[in-house]
Every structure is written in structure tokens, then in C-alpha cells.
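From first to last, the protein sequence lines are chains A and B.
Under this note's numbering, the first residue of the first sequence is numbered 12, with each subsequent residue one higher.
Under this note's numbering, the first residue of the second sequence is numbered 1390, with each subsequent residue one higher.
By construction, these hints were calculated from the structure, which means they are not laboratory data.
Output of the computed footprint for chain A on chain B, the stretches with three or more beta carbons under 8 Å from beta carbons of chain A:
1) 1390 to 1404
2) 1407 to 1418
3) 1436 to 1446
Ideal Cβ positions, reconstructed from N, Cα and C, are used throughout, including at glycine.
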Amino acid sequence: MSDPRRLVVVGASLAGLRAVEAARKTGFDGEIVLIGAEEHLPYDRPPLSKAFLGAADESGELAEVPFFRTEETLRDELGVDVRLGSPATALDTVARRVTVGGDQIAYDALVIATGAHARLLPGTEGLDGVYPLRTLDDSLAVRDKLEAGARTVVIGAGFIGSELASTARKRGLEATIIEALPTPLVRATGHEMGAAIAALHELNGTSLRCGVGVASIEGDGKVERVVLVDGTSIEADLVVVGIGVIPSVGWLEGSGLTIDRDIGGIVCDENLWTGVPGVYAAGDVASWVNPTLGERQRMENWTAAAEQGAAAARNALDPENAKPYGTVPYFWSDWYDVRIQFVGSPEADEVVLVDGDPGAGSRWVALYRRGDRLIGALAVNGQAEIMKYRVQIMKGGSWDDALAFAEKRRIAHEEKLAAV
Amino acid sequence: MKCVTVDFDKCTGLGICESLAPDFFEVNDDGELLVLKEEISDDELQEVEEAVNGCPTEALKIVSL
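Same shape as in the complex, but just chain A (with noise of 0.2 Å):
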């Protein structure tokens, strides 16, 4: 087909904006729409489990919404038609058009940018002070609550819920995490690291019962406790429910484009394409191969939401020279002022400790052995130590080169706090 004129990109937030913005760098002069559900401008998510829900500063203000861009930069620089509040409900790829509310909007390229949305508990939707922590909204009801003092209680252990209970009680609030799973974060950082890392919240005067289900959340109107299928019942005002997310794939029932049964998401390729002629995916929405690291995956990371978004937008401006995504999956966690980082996968045949000890204080590094080579590294407060494993990933690096490279490193960590 001839050169695309116009681009659609579904789903406003990182990955949809950078589309976008990529676009615009490339020099394509086209019609962009940019569909958001949301009635927000693009907005950024990482700061809504931490810094947002802080309280006030000295001056007696909370932290400002962490908007991306103004509506104006959005229009008037970048040419963007902004649709906002209203999800796309349908897509036709014969016919190349999305359903918007009651307007069809045709495309020559798209970008599928919808990100995922929470898990939610089931029965507790009408109940006030229950509430997932994805969105700006959800951000500023738990806030609220915060404000108020509330007794706060997380289900779920993951990083958002771990961020949560951690600026409770950095408020001087209560905080109980209960998570199902008899060791949080495995998934993420593997076992021994899962159980490292949620050691923290004891150290830390969040209370973690790991192991044991909710059986019910009760209130009369709004919540009051949580009850636990062990029978304990823990006074509440405010329960955040952090269990997950779907990715947002619902509207495309019907499209044609293959879902993802095992991962989620929308089967690309490591082009980021669909498979449907114009069509490409980014970000949370997107199971695609990832070269770098010879697997699929699906991200749920900001790092792999900016960079697809951008390379999604490149490829279905000019499939022809499409390049493929790769990366060294990055993200990371804070809580109760310790940084948690992870480079790489933590699917690992062995993972070892390289410096510090979990168990004495709030700095270490593990690394993830898989076969012959480094394939993941977890640093917490090991800010300087991190990044050098990510290129080491990136190059394919060997595990013994990165054991003696991690040794060196620590003896000159140790070398540096005996002599101040």
C-alpha cells in the first residue's frame, strides 16, 4: 500500500504517547488520533504507588498529577487529535476503522496501546474504601483515604501493593499485607529473592501473613475489616486490592488478531506486528518475542511501554524496514526508602548472592545463572551495580565473566566503606 496518511493509536497512556511522539520524529506529517478510555491526559503510573501518595510537603501541598504533557503541546505542537473518555469498543481490520462511542475512525496504520487493567475482588464493588491502584483515579480515592488516617490493609504482595503499605507507613499509618502465596514476588525475583526482599516489610513495621486467603472484605457501606479464611479479622478503612492485571484485550473479540492463552495479550511478532496488515501492538497489551533475550514475553514495565510504544509507531509507519524490539527487561520497586531493581529474567537454574546479606541489613546483589549464561540480576540499594549487569545481559555476557566481575566489584565496595 502507499504511504500510510494516517495513524491511529489506541490507549493514551506511556506506550500510546510515545507513539505518537515517535511518529512526529520520524517526520510523519499525517493525521494522528490518539484514543484514550480515560477522561486524563496522558499521565504517568509509576509515581501514583509511590511519591503521589506521600503527604504533604512543608508548604502543606500533596504532590501534583504526574501529567506526561499539556493538551496544548499534545495539539498544537505534536498535531494530535486527542479523543478522550471513551473507550475504543471494536476493531475491524478488513474494513480498517475502530469504533469509538458512536464514530468509526479509519486508520492506514495502528498501534494497539491498551495497556491492562487491575484484577479486582469479586462482591466488593459497591463497598467505599476498596479500591485497585492503577489508575489516576484510583490514586487519588486512596489518597483520600490516606489523608484521613486510614487503617490500611493490602491484598496482594506484590511491588504496587508493596508500595503501597509502604508509604502507609511512611504516614505513620497501620499496614497489613496479606498475600496468598506462601512467598510474594516469586514471579518477579524467584524464591529465595521473593522471601529476601518481603523481609522488609516485617523490618519496616508492616505486618505480612503470607499463606493464607481473604475470605471475606465486610462493611456496612464502606469497608471495616478483612476476614481471613483462618478466621482472623483485621480492622479496616482502606483495602487495596493489588492482585494482578489483565491485559485489555476485551474490545478485540471479533478483530481476528491472536490472543495470547498462556502470557496474555496480543500475539506479535518481534517487529511488534500483529500479523494483520497496519496493525502493531505496545506495551502491557503486547506478547512478543524478544530477541535480546530469545524468548516471548509480555512487560509490564515502563521501560518496555515507552521503548515499544516508540518502536511500534516506527514499524507500522514503514513495515518494510521494520526493525525488531529487544530489550533487557528493567524495572524497579521502592519502598520504605530502599530501592529494589531487577535487570533481565529471573527464569534461572541457579541464583546467587554476589554482595551483601539479606539477612544483616538493606543492600544486596543477587545474580541469575541460566545455563552457561548471566540472564537476570536483582540490586537492592545497589544502584551502582545494577546498570553493569544490564549491558553485560544486553552483550550476552558469560556467568563466570559476570561472577568475576561481581567479585571485583564487591572487594572494592568493601575496600571503599573501610576507608571512610
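We have chain A already, so just place chain B on it with the hints.
Just chain B now, kept in the frame of chain A:
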């Protein structure tokens, strides 16, 4: 001549820039970003651009002097 600048009010030392352009950036033990060099040659421009785009706090900029 092109140079990279850091807004240290925004930077939180996440370090993505270090992994993409290690000749330019390094995070220290205190989690602070060190700029190892500022001037960008033509062959380095792409990696520094990737670092700028990869920064979650939008703390990096390339400026022409």
C-alpha cells in the same frame, strides 16, 4: 556541538541511561548520577538519544551549543 545535560531536580538515579550509554553516565553507591562526559560525537548520538528517551523522569536533554 551537541552536549547532554541532566536536570538533577528530576533525576532519581534509576540508571537506565547508564545501561544505554555507559560512556556518559554512571550511578554511584549513593544512587546519584555522575555525568562522565558531556560532549556527544556523531557516532555517539544515537545511544545518547536512546538514553534521553529511556529516562523515566525525563531528566536528560541533548542541547546544541
